[in-house]
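**Q** Sequence:
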Amino acid sequence: MDRDVSGNPGCVVLADDETLVAAIDNGIFSINRSNWSVQRLVEADPIPRLRFNDGKCDEKGRLWVGTMDREESDPLGTLYHCSAEGNLEHAHAGVTVSNGIAWSTNNEELYYIDSPTRCVCAFDFDLGSGQIKDKRELIKFTEEDGFPDGMTTDSEGRLWIAFWGGSKVLCIDPGSGKIEGKIDFPVSKITSCAFGGNDLSQLFVTSARVEINEEEEPLAGRVFVVEPGVTGLESNRYLL
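So the sequence shown is numbered by the numbering used here: it starts at 38 and just counts up by one.
Among the clues, some could well be false.
As the list claims (entries may be wrong) - Computed list of lysine-lysine pairs in DSS-like fashion (alpha-carbon distance at most 25 Å, straight line): (1) Lys215 to Lys205; (2) Lys170 to Lys97; (3) Lys172 to Lys97.
What the hints contain is simulated information worked out from the structure, not anything from laboratory work.
Just need the whole structure built from these sequences, with the hints factored in.
**A** Here it is, written out as structure tokens:
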């Protein structure tokens, strides 16, 4: 079922079986799945050039979501986390295109992608307070790789990273930076990935068709499903 939410959704997470939480343009909204009513929970800085992009919940139920410059040129964005009370807190500023967010299996590190930097950075993470500190570059990619976009983690703590302009998803050990797997796709703009299925053994991979020649890439914009031979972790829900 399609539902018009009158904006540009950046991410959607589950709160409970009846409620979705979505970051749309510069607001975070709850959406009732029974009647599709929409209620604004919180609003970010009302800067027209910014909109929310990728988001994900930590184990405490906070929604981590970042903003991006619509022109993708200036570091005007911010990574936030939003509590159950609707408190939106700044976590990291100076972001151009906020994208992939993930955590180590022990919840001691937060992994983060600002796509134009072509790298995955890591922060020390305090699950109790939601504070991050000591940013460091974890993995640096090349122009040939494309731009790292969305990412997820598997049950062994490895990162699965989608590449915009790279036609692939890479599996990387965050400890060593070693590439442990690669999945190629027949489209260039791979946007994100997430584990799903009954036993979380399937990797769902999204793609984009913006500025794509449909004759050259007829499958652009599709969602692909692959079985990478590993299992993922169940997604955390937003705590309303």
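**Q** Would you mind marking each hint as holding or not holding in the structure?
**A** Evaluated hints:
1. Lys215 to Lys205: Holds, at roughly 16 Å.
2. Lys170 to Lys97: holds, 18 Å
3. Lys172 to Lys97: holds, 21 Å
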